[in-house]
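Undergrad: Using the sequences provided together with the hints, build the complete structure.
Below, each chain spelled out in residue letters.
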Amino acid sequence: MGSQKRIAKELAELVESPPEGIKVELANEADLYDWRVYLNGPENSPFHNGTFLVKLKFPNEYPFKPPAVNFATKIYHPNVTNDEKGSMCLGMLRPDEWKPSSRVVAVLQFARQLLAEPMPDDAVEGRIAEQYKNDRARYEEVARDWTRRYANEKA
Amino acid sequence: MSLSDVPFAHFLPYNHNHYFPDYHDLSAANSIYQDPTFHSPAPVLSHGGSSHFSASVKNRSAAKSSFNMNTLSTEEMERFQKLSNEFEPDVQGPLVSTKQSTQAIAMDYANADPTLATKTSTLALTHPTSRIMKGDGNCGWRAVAFGYFENLFALRDLVLIQNELVRIKSLSSLLDQVGHQDYLYEIFVDATEQVFTQLIQAIQDGVRDDSFLVDTFNVEYSSNAILTHFRLLTGAWMKLNPQRYQAFVPMPLNQYCATRIETVKSEIDEVGLQALIDGVIERSGFAVEILYLDRSRGDAVTPHLLTTNQASIETIRLLYRPGHYDLLYRPEPTVNMEPVVNYQYAMTSNYSPWDQGALSFDVNPTLMSIPNLMMDPAFAMGAPPMSPAPISPPAPSSPYRVSSPQEVYQAQIPTSPPPPPVQMPSPPAPRMSAPPPSGPPPPMSSLPNRSSDGPQIRLNPLVMKPNLSHSLPITTPFKNSPYNQAHFQNQDFEPIHWEPSDSRK
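Residue numbers (my numbering), protein chains in the order written: chain A, 132 to 286; chain B, 65 to 569.
Calculated directly from the structure, the hints in this document are not laboratory data.
Glycine included, C-beta positions come from ideal geometry on N, C-alpha and C.
Don't take every hint at face value.
Claimed, not checked - Not everything, but these chain A residues come out facing chain B in the computed CB check (under 10 Å):
| # | residue |
| --- | --- |
| 1 | G133 |
| 2 | A199 |
| 3 | R258 |
| 4 | Q262 |
| 5 | Y281 |
TA: Encoded structure:
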């Protein structure tokens with residue numbers, strides 16, 4: 132199948148020249164469709180100095196459906212569900228906005244950028260979005276605290 | 065697809081009356097697929113999204129809607145959001161159907177607006193077969209792509225197919241020019257190339273059945289990959305020719321391509337369709353024609369040619385109903401396989417055996433619906449010249465040639481005899497055997513009485529269809545008629561000159 136060929140090439144590209152703050156590996160050498168991604172919190176964000184484990188799952192229909200992005204590391208963020216799934220689904224990750232010509236590296240850069248600049252209007256955690264908009268200091272304090280406590284993933 | 069937000073809409077001749085006021089866009093598709101749940105969520109949540117499907121129920125439209133969301137708890141809102149995010153219409157049917165009778169489309173509109181009913185029943189005559197595309201947001205793209213490959217296969221020209229393969233592959237340079245990387249698009253090109261390989265193989269193997277092509281287009285992966293390839297080429301073509309397209313799209317061209325062309329399921333609009341034809345299809349030499357079914361005046365669908373090539377080698381014909389595209393086919397030119405040419409058939413040039421699916425004559429519904437038109441000598445003189453087909457002269461011993469049983473139309477229901485000619489609402493065709501060669505041709509106004517042993521009336525299947533009885537085809541006059549022009553082709557022919565002195569003899 133073409134999707135396998137394409138995922139393999141994208142993985143090779145990411146391993147060869149990893150973008151800033153992003154490290155990728157296969158969760159299981161035998162399965163190209165299941166990636167583990169380590170995201171370093173961007174400098175200008177309360178997530179700085181934290182390392183977040185993100186699971187990237189490619190559907191069988193890839194690249195005609197977007198990969199699923201889930202934070203395995205607990206994170207205090209308006210666009211990531213605060214549950215065991217930690218799902219993030221907005222912008223280019225939504226099936227109707229997804230383009231088969233999008234690169235995985237763009238997906239990962241988008242996810243990392245979202246840590247620095249949340250999108251409170253597209254929030255999945257309404258309470259955190261409210262706080263982000265109305266009480267930025269308190270939001271950053273909690274986010275920093277969670278980062279210290281949980282974001283210690285070792286790549 | 066939202067035509068209303070395309071500012072130039074009224075400039076294009078095919079854009080008038082593009083919405084049925086009392087039919088939802090998808091009502092047509094709805095009735096085809098017999099799925100009453102199909103658009104039930106859409107009218108509530110849709111706020112003019114770019115697509116009928118998931119795009120119309122996205123987060124933002126729900127948030128901006130005028131509902132009082134405050135009365136809903138956060139949990140409820142999240143639940144609704146999840147439902148709307150995951151909503152996928154349950155569209156039934158294959159991605160590309162097999163060829164079917166266009167009557168099915170006419171049936172869908174039988175009880176609809178009279179204009180639509182008239183137009184679709186006319187359509188069933190002019191374009192007796194069609195292919196239904198699944199209404200999943202890709203119908204327009206799929207119709208064009210399938211029509212392209214199908215025509216290539218039908219032409220069975222290996223050189224043309226090889227040239228087209230080279231041409232389509234060379235279009236990858238457009239993709240490179242707009243910054244796509246080959247490792248991202250190569251699998252789409254591979255899928256397209258595979259279809260070309262299949263075509264070549266099938267033709268080399270002497271395969272005539274195109275079901276392999278239908279199968280390929282019904283495999284989700286191949287279908288998606290081919291359409292993505294065509295979408296990417298179209299987007300690249302548009303970006304490289306901004307002067308042609310920018311004025312017609314309501315946003316910067318890059319954004320338009322990213323949100324309307326390069327996505328997976330956004331429907332094609334006029335601009336996208338034109339770009340697809342311009343950039344990908346037209347150089348093949350194929351013409352692309354759209355037949356618009358709407359409630360504009362007239363009793364036939366409105367055709368519009370999207371290509372500029374005058375002498376096209378083939379034409380891809382699309383049926384457009386607002387929000388949906390299908391493929392249409394003209395009657396197939398059938399080869400008359402009958403070894404013995406019936407005298408009457410020979411007289412009427414190239415009529416093939418009656419077959420509901422293959423009417424090889426030009427059915428002009430307007431003319432056919434005029435009673436007695438063909439009886440009018442003036443019209444007959446204007447008719448195309450008789451074919452000088454080998455005509456076996458009637459045996460002089462018998463005034464009437466007796467048709468062999470298989471030449472006589474057999475009624476579908478054996479128990480009921482064919483309806484007597486008097487039941488026909490329009491005058492019956494004078495399809496009788498030739499009169500005795502020696503006798504003078506009977507004037508049209510005094511046809512021989514029909515008795516039980518009289519000349520045979522050849523009934524065609526259309527007679528049995530109550531809806532079509534008004535369009536009973538009528539043959540041109542018989543051989544010895546003064547209206548027969550065949551003798552003009554005889555080089556020894558000399559018209560009779562009337563001399564004033566003759567009358568005194």
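Undergrad: All the hints need checking, so say for each whether the structure fits it.
TA: These are the hints, each one checked on the structure:
no.	hint	in the structure
1	G133	holds (3 Å)
2	A199	violated (13 Å)
3	R258	holds (8 Å)
4	Q262	violated (14 Å)
5	Y281	violated (23 Å)
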